[in-house]
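*Asks:* One line per chain: the protein sequences are G and U, in this order. Using our numbering, the letters of the first sequence map in sequence onto residues -10 to 348. Using our numbering, the letters of the second sequence map in sequence onto residues -10 to 348.
If you are wondering where the hints come from, they were derived from the structure by calculation, not from laboratory data. Source: prediction; values computed, not measured. One should not assume that every hint holds.
Any copy will do: because identical chains look the same in the list, a pair fits if it lies in one copy or spans two.
As the list claims (entries may be wrong) - Each computed DSBU-like pair below joins lysine-lysine, with the alpha-carbon atoms no more than 35 Å apart:
#	residue 1	residue 2
1	K203	K67
2	K113	K201
3	K263	K33
4	K214	K300
5	K214	K201
6	K214	K100
7	K203	K141
8	K214	K67
9	K298	K315
10	K201	K298
11	K214	K141
12	K36	K203
13	K210	K298
14	K298	K238
15	K300	K210
Number of protein chains: 2
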Amino acid sequence: MINFTVGPVQSSDTVRAIGAEQVPYFRTAEFSELMFENERLIKKFAKASGDSRVAFITGSGSAGMETAIMNTLTAVDKAIIVNGGSFGHRFVELCELHEIPFSEIKLQPGKALKTEHLAEFEGKGYTTFIVNKHETSTGVHYDMQLISDFCKRNNLFLIVDCISTFLADPFDMESLGADIMITGSQKALACPPGISVIVLSPRAIDRVERIKCKCQYLDLKIALKNAERGQTPWTPAVSILRQINARLKEIDANGGVEAEIARTAALANYFRSKLAELKLPYEIVSESLSNAVTPLHPTTASAYDIFLKIKDEYGMWICPNGGDMKDSVFRVGHIGYLRKEDYDKLLDAFVDLKKKGCI
Amino acid sequence: MINFTVGPVQSSDTVRAIGAEQVPYFRTAEFSELMFENERLIKKFAKASGDSRVAFITGSGSAGMETAIMNTLTAVDKAIIVNGGSFGHRFVELCELHEIPFSEIKLQPGKALKTEHLAEFEGKGYTTFIVNKHETSTGVHYDMQLISDFCKRNNLFLIVDCISTFLADPFDMESLGADIMITGSQKALACPPGISVIVLSPRAIDRVERIKCKCQYLDLKIALKNAERGQTPWTPAVSILRQINARLKEIDANGGVEAEIARTAALANYFRSKLAELKLPYEIVSESLSNAVTPLHPTTASAYDIFLKIKDEYGMWICPNGGDMKDSVFRVGHIGYLRKEDYDKLLDAFVDLKKKGCI
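With the hints as constraints, model all of the structure from the sequences given.
*Replies:* Rendered as structure tokens:
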């Protein structure tokens, strides 16, 4: 099977080999060293300030999102949430559950965030801005410079879910003035799912120190305290943290985050240009694409049926959408260990489906 | 390195081989089937009633403990917590954080729970009993029959942390009348850490349905809803769930839970009898041993120094204790993929340390 979903994605041989090793005991100086290195490289690739910190939570990206909300916001905040799809909607649900006052910028699927969306929130006493830099469900990549300028002007605390865009599109945490960046092990980090990574600016750390978190497991105060000695408060997914370490070093050795972004962009561009040449009955449905994924609307067949056929008849996974978009949109990912030849196979399968009259 | 800690423990070759595979996409009928099989085998080995359900949470055993507390108890409950070590103490912290009224049965390290400890709580309006069946930090295995009789007599909701004892010591969820059983992937399930497993009786499911959980990520209502179709609400640690599946089938094929418990008991007995023969300066410090671990107090040296020496000079991990017991107790585990020959090597190392005058 070739995996073109947006997570879990394919891993390198080095990362996979670690998966076959016995998991070492981890309350040791050796594991602490590895965790310090993970923190250092994540900060380097996120372009976080030197005094930022990193927490590694055993859980999904959604656990990371909730951890950020629970540890840095309270009922005295007033947040703006960009809600352009399922992951924006998740932040809405989380603010409702945790009783964080908020307003939504509701965007139609595929639509970009523009200056006019922000205008009405200017100077209105908001404290916080929450955004999924890449709304993975619809494949829309928001303009972070626009958001950053708005947040700086209004002195907003800025929470950025970079789960599917970290290492796939440029992100400069310090220059954007972002306070929290969230990612996950199974996206462009290209490791198995199970670890969420949270980078905190000094301003975020200060909020964590002041706010009482109502969940012990997701309490960043406890996590950061343990991270001082390179440890986690609870037994973490040790094997995945070791795989993350290998992967971060792999990226570092191969030219760093810029080279990794360029590699991903080249794959995305290759797929998109070939797709255009082949004149398949698919429309790209995002106004603002990330390098991580191409969201496609098939105009002649059900998107979910195409997903099933590609899986069962061609041995490849493309990424189905859920909910309302199940039949209208599927996505093709460009993160993880993929090569141009893999896309050639996928495009051949699409052409074959067209020949058979299935699309 | 040979790993005698109580988690992460050593995995079988089959489980390790899965760790080297690419992680498959999981929103598929194939993965749902695997999850249904995981649920069926966990229920079988826990001897849960047919109408029990299982949730798989991506997180540590502590995440499982907190999930149980947050989803089934409220401020109108009145709980009894057996607190005989760090894991009993964790339940105390969790009930404090989540404002669940409780009383503690505080036991000294190494001490068993006895009838007289329960007497004062008889008929006093308690609703709930919370216990770590095996207090892993001190190696004390509590008498579940005593607890079960008390709970039945007083109609108590019974939460049992079986994290380090599941598959190592007998446990019959239905006949004991236990409502929640918690375990983790990295103990006798002998998979990498990252998944916590929670089995719920019909009475527990009913509580989950009625209670509003204040954490979305740990909300069992959402988890159980998704589990109806063999799925999880958030991207789970797919690779570990696949490893759990292989391991459960391995146990099933090799004679089931009884055979696995007997295998572990044989290893524990082998180590303990050889240890006695060698007259090493170690005292067993538990009144009631689990098959999972042997807690030892070295009478002539620091326990932590022995841990470091065994790690750095002999290439083996024994399990250090934390906090007050750091220098007085270490533990030798019997769960995971271990053989008698491994214990021979450990015992040889102990003898060697004695020869050198280190113990």
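*Asks:* So, for every hint listed, does it hold in this structure?
*Replies:* Evaluated hints:
no.	hint	result
1	K203 / K67	both (19 Å within a copy, 20 Å between copies)
2	K113 / K201	both (27 Å within a copy, 33 Å between copies)
3	K263 / K33	within (34 Å within a copy, 52 Å between copies)
4	K214 / K300	between (45 Å within a copy, 26 Å between copies)
5	K214 / K201	both (14 Å within a copy, 30 Å between copies)
6	K214 / K100	between (41 Å within a copy, 31 Å between copies)
7	K203 / K141	both (29 Å within a copy, 32 Å between copies)
8	K214 / K67	both (28 Å within a copy, 32 Å between copies)
9	K298 / K315	within (15 Å within a copy, 58 Å between copies)
10	K201 / K298	neither (49 Å within a copy, 40 Å between copies)
11	K214 / K141	within (29 Å within a copy, 42 Å between copies)
12	K36 / K203	both (30 Å within a copy, 34 Å between copies)
13	K210 / K298	between (47 Å within a copy, 33 Å between copies)
14	K298 / K238	between (37 Å within a copy, 30 Å between copies)
15	K300 / K210	between (44 Å within a copy, 31 Å between copies)
Checked against the numbered hints given earlier, this structure breaks only hint 10.
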